[in-house]
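Taken in sequence, the protein lines are chains C and H. For the first sequence, position 408 (counting from the first letter as 1) is numbered 408 according to this note's numbering, and the numbering increases by one without interruption. For the second sequence, position 756 (counting from the first letter as 1) is numbered 756 according to this note's numbering, and the numbering increases by one without interruption.
Simulated from the structure, these hints should not be mistaken for laboratory data. No false leads were slipped in.
27 Å max Cα-Cα, derived BS3-like pairs, lysine-lysine:
hint: 1; chain 1: C; residue 1: LYS236; chain 2: H; residue 2: LYS214
hint: 2; chain 1: C; residue 1: LYS604; chain 2: H; residue 2: LYS214
hint: 3; chain 1: H; residue 1: LYS180; chain 2: H; residue 2: LYS454
hint: 4; chain 1: C; residue 1: LYS604; chain 2: C; residue 2: LYS236
hint: 5; chain 1: H; residue 1: LYS323; chain 2: C; residue 2: LYS361
hint: 6; chain 1: C; residue 1: LYS306; chain 2: C; residue 2: LYS321
hint: 7; chain 1: C; residue 1: LYS602; chain 2: H; residue 2: LYS214
hint: 8; chain 1: C; residue 1: LYS302; chain 2: C; residue 2: LYS318
hint: 9; chain 1: C; residue 1: LYS226; chain 2: C; residue 2: LYS236
hint: 10; chain 1: C; residue 1: LYS556; chain 2: H; residue 2: LYS214
hint: 11; chain 1: H; residue 1: LYS323; chain 2: C; residue 2: LYS266
hint: 12; chain 1: C; residue 1: LYS361; chain 2: H; residue 2: LYS332
hint: 13; chain 1: H; residue 1: LYS332; chain 2: C; residue 2: LYS302
hint: 14; chain 1: C; residue 1: LYS306; chain 2: H; residue 2: LYS323
hint: 15; chain 1: C; residue 1: LYS318; chain 2: C; residue 2: LYS449
Since the model is a prediction, treat every value here as computed from it, not as a measurement.
Letter by letter, the chains look like this.
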Amino acid sequence: MRVGPQFIVVLGIITAGLCRAADVPARSTTIAVAESNQFAYYWKAEPVAHTAQLLTLFCRGCGSVSAPDAPTGSAADVPLVAVLRDTLGDSDAENDRVTDVWLLGYANPGIGKKLLSAVPFFYWHPGGGSKSGSKDNPKPLFDLTAPQHSVLSEVGRDLVQWTAFDPMIMPVRATTRAYRANSLDDERLHLDTAISYLRSAPSSNDGAAPTRKELDIVIARLELRKKLLGGLVNQKRAAQLGQESGFEQERIRSRNWELLRQCAEKTGLVFQSLDLAGTEGEYGMLWFPTNQATPMTSTDLKPIWKILNISDPWNDPKLAKMRAQYVWAFDTKDSNVPAPGIIGQQQALVPLAVYSLSYPKTPLLLVDFRDQIHVRGHEMLQRSINEVTAGVIGISHFTNWYYYVAAGLYDFVSSRHGGAVDQAARLDAYSRLRVALALDRQLDPELRKSMEVRLRNVSINPLEAAPGREMRNASVRYTRLQEEAGAEGHLAHIVDQQRRAEIASFGESGGHRGWDTLLHTMTLGLYRNRAPRSPDNLAKLNIYRRVEYELAFLDKLAEAGTEPEVSYDPQLIHASVEQLASLMPEISASSVRTHAVDTLRKLKDISQSSDLQADCSAAIASLINEPALHRNSPTRGIVAETIVAESGK
Amino acid sequence: MTRFFSTCLLLFAAVCPSAALGSQTIPKATQPIAQRVVILKVDGLNADLLYRNMRQTDAATGKSILPWFTHIFAQGGAVFENFYTRGISLSAPSWSILDTGRHTVIRGNVEWDRFTGYAYDYLNFFPFYLSYARSHQVDMPGVQVLDRAGIPLLIDAFPYSQRYQSFQLYQRGARWTTLKNVLARRFSSEVLIPMLENAGTPSLDEILAQQTEKELLANLRGAQILYLDDYTGNMDHEGHAINDPAALLDDLRRLDSLAGRIWTGIQSSPLAARTIFVVVSDHGMNNVPEVHSEAFSLPDLLTSPAAGAHHVMLNRHELSDYKIRGLNPLVKRAFVSSTASFYLASQAERYPTAWLDLDGNERASVSFRNSDLNKIHILLLQLSSRELTPKVRLAATTYLVSLIDKHRSQWSETASQLDEEMQALEVAIEQRKALLAPKPAKWTREQEAQGEDKISRRQAEELSNWQREHEEYRTYAAHLRALLTLHPDPTRPFSGKISEFVPEMSLGDSNTLYDLQHYAAGPGASGLVLDSSGHLDEEQSFRYVNYFPLFAAQRVRNNPQPALSSKPIDFTALRLPPNDIATQTYWLYASDDDQLLIHADSAGNVSLQPVSHLVQAADGSIQFTPEAWHSGLPLHLFEDPELKIPAGGDRAAWLFATHSEREWLEATHLCKYSDGVIGTTEELSPIAANVPGTPGLNPVLLRYERRRRELVQPDIEIFAADHWNFNVRNFNPGGNHGAFFRISTHSVWMIAGAGIPTQVVSEPYDSLNFASTILQLAGRPVPMPDRIVNVMNPSPAAP
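Only chain C is shown next, with the shape it has when bound in the complex:
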């Protein structure tokens, strides 16, 4: 079923009407669009069962011109990533949670592809990928409410591989290892695709898009998903990591940009900073200036060609025969800055190579225009070595550690000379360029096509789908999500399950949570500790989340160890202490109550404000002296009760 704009408008009007009746603030009831002129990306927010939001990231004008929903004469907007934000039906961001992420272009590979991926030394990907007409509910790429679940399942899979499959005969070992490697690569490819989109996404505090902090957490969780034990990182550290990883990405990009520019300068080539699909300078391209004399150099350039990972074009007779030539107009200041419109020096150029600038330490060659099998050959060789050693011969990290020590040493030396030895990071870089090219509409079409063809050759994973097919899948899957956004839809069901799990785990000890996770994994996901369905759940969750919010805020002040009044407006602190004190009677979990008392005591100790000290003392006294009420009284601002009650009728 295709959802047209009329349907969206009608849906918006209906939900707006329903929510007005229920006194729900406007944010979660209308279709809002958060965008910025500087971004090619924008968010669209749609309500989910009146108490949550589906936020979808679109790329403006990145689709096909011939797409059915494309405006006349221009390219359609493409939905890329959707996130589900549980707002509890109010407009207050304090109790919001982003719970799930969908990469809309990603479809589970078909059985045929899965079988092929289990064939050792099979490095091709026939067909374009899963068909877009799937009737199944799109499965989230990642469940942010339980990041620890994936840790145990991955560890479990590794254990099964090591203990059950590896000791078996070679065909079993090689097949299972090939399948596992391909499926892990496929998952990583899509995780990084989602991260790449989200890094380009705008943020806002107006409810029409994720906030900066929410985006940081989502990015961090997806980054951590790539690591075996990354799911164990706590929420506070994850938010910090999300921001830091963005800075680190920019450091790497800046450094590689300058390295590639300098290499071009040393070797007499022309450097171009490529802006693809709304990104800025994430890729670099080298061009060969024809009709120019070989540059004079008085130092050895071999290390530079090694870093660039291409052969010396000045000694390449093939270049003269290459067909694709572009003529650039340069400005008149002796520089290689393309200057459209300026009648300056004209220079015929042949494209040589495209590099990702996001690979750590060195620009990563992804497209070699002179040698189509160069990059692919390298990838195949690396994979073959892994398959031979681990799959065919059965070399183990435990018993044959010296092999891995030697391999590590070789990799280290190779990397010190500019070699790109990190297979996972190479895959990340490949995945980003792949989607950037699929979305880009600025590059010369012929050049882009040429790059796409060569880049496609790099892929050796049978599970991988064609980017074009993924773009088409995205629109279909987005429509499916929209269809499931109603009160009885699948999204509402997901939200309800996650809320009940959150209620059940509130105040639980670490050991208890670990036990729950173990049970969840051992039952292959069938078991999950959840609170029973109850009309009070929404109100209860609202209190829990607000307590967590206030505690996190006050913890931050207390951990700083300095006068809180200097860093924050005392009114804000006073309000937070008061809010916490008013909420705590609803909390029976002793760990949370103890935590609150400890935090308030620390705050009182470091504060120089007698007012704040008095506030803290009063709050501590009430916490110690007054037991929890153990009641589920409705809280102001929570309106979903009505809805729950209505739906229960």
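Given the coordinates of chain C, work out where chain H should sit on it, guided by the hints.
Structure of chain H alone, referenced to chain C:
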């Protein structure tokens, strides 16, 4: 939007306006205002960046984005709005002025001794730690140089037992307990758990910073330690790596929190009321969002035939991240070999003829081998050949002897003075050996607490350095004497060992301006050529390079950013020989037509003179064409809208006139090159006058110490154009510093505590004011009383 901080600043400016801080009116305090000094030293913190963010209000908190800096200094202390690096904006020279309160004798991040090739590498911590561990070294190299020059550090004003110094460039000793605790923390759960989770682990630097802070706060709780500092290089590292304002703000916030924790520690200490808290940075940083800093490779240029095909010596490997040998932290010399070398093929490690300080970011210093030494080397090589005709051999021999004769007087004097100095050094060595002979086998705790063990090690280390220097300078003097006695036989090929006459790893005497405009880089294209009278044709027999137009003509083709000029070199600078116009004259060259002379007299007054086509003749005379003031001259003062001259005054007339240093600072500090005029006089002035020597030093040894400092002065200083840098070891795509740009020199200085009135000091000051002011507040001996800024009694501002 109303900015809380700016309101505070305005309010305080109105109520208690900043003082007219004329240095000449400030008497030395009779009573110390502060008993304890706590300094937060921040490497590379740009004042614009800090003050701009202090003025921003965070909507989420209702306070300043940097609440602690605002609270401590803007609302309760003194903020120096216009505080600048004096001289070039590089860490080693800048900190040396801040840490001593005196004119600098360290003028680069690395310096090379021209005679011996010894490298003074001021930024490399690893050799220091290693040598310290082996009991060979006790101080960082910068401190050793200052000690030998007789210049005390600010910290030396406090007894050993009363100071806590963090790890920094000018570090006296290292505390093993700190390093031991850092290692223990490296293997603690706070590091290992995130490592297991792949959640990023704190680096050793971060752990060291945490440990230092912990120890500093612990020392604050007592009353014994009266000097404490905490040095951080994070802002500098981040500023070099990235231009993203969010990333820089993130680091600023961490710094702000650190200031808050230190201030909290001070307030709860027993000396709270008598403690001053100071934040200072050594230089700014040229960070502009969306603009990458691009590097221009001087080694590539200098190894090219056009620049003389030099073998180049650096203190680090080029692209060191892409070499196994780049991992060696102890490297002192790295060589870039020229495949086009005209006469020294494959001899890069014996005869590097261009030595560079590349850690200078926006500024590089170049020392070339003496041009006449090149000629001697070329002639000896030619004379070794059996293919020379008798006439050419005779002419070449005659020319070689004339070259030696040209230098005979100077070399004889150098050799005899070196002999005299080495004899004095021998006496000193013997005395030191005698002094160190009764060294105790084990130091008592009391002796260690007083630092006696370190004094002894310091003396032993100095002895070791003397012995090395004695050997090296003796060897150099022997070469000079060998040259002075060289008389090759004009009838047969020269059969001696060239290395006995032309010292390896040595540049010889400094080049004159004539040499640099007429530098002999190799034999002529046709080898040795005779003129019509049968003499060696000097012009045809050698290849010559004029470096000034060569540097100015450099262009970069791969420059994709419109914000950057394709001309990477802004100007070159050097000191001219003594002349009749002024005590000292400095020459800034942007092009043949755009040149500037800076004249300084002995009283410190400075005047500028635009000139063109300045040349030095072989006889040493200098000729130039005086020019009118026009745009395009080095430092661009004439066209700078921020040049502050008296109202109604004529720019050209004002710029032509002689002014005091203070007047220049006030007129130019807001210009694009805030520090250009004074900075040039500081950086290029004769260095010997700044070396007082240790008290009671033998005059011969004082001359020796001054010679050693003179020997590290480069031939040319090269300054990069805006957003260009000369880094080739790694990359600084974020911001850079080193030049005289305001953004690179604008530094932070803020003081609070001990009753210092709240004020915004808008008068410009430079690093020379820092130490004297702090020591005066602490009631300690002041190095330059005329540089004290009176922060206690701000005078009313003019209406």
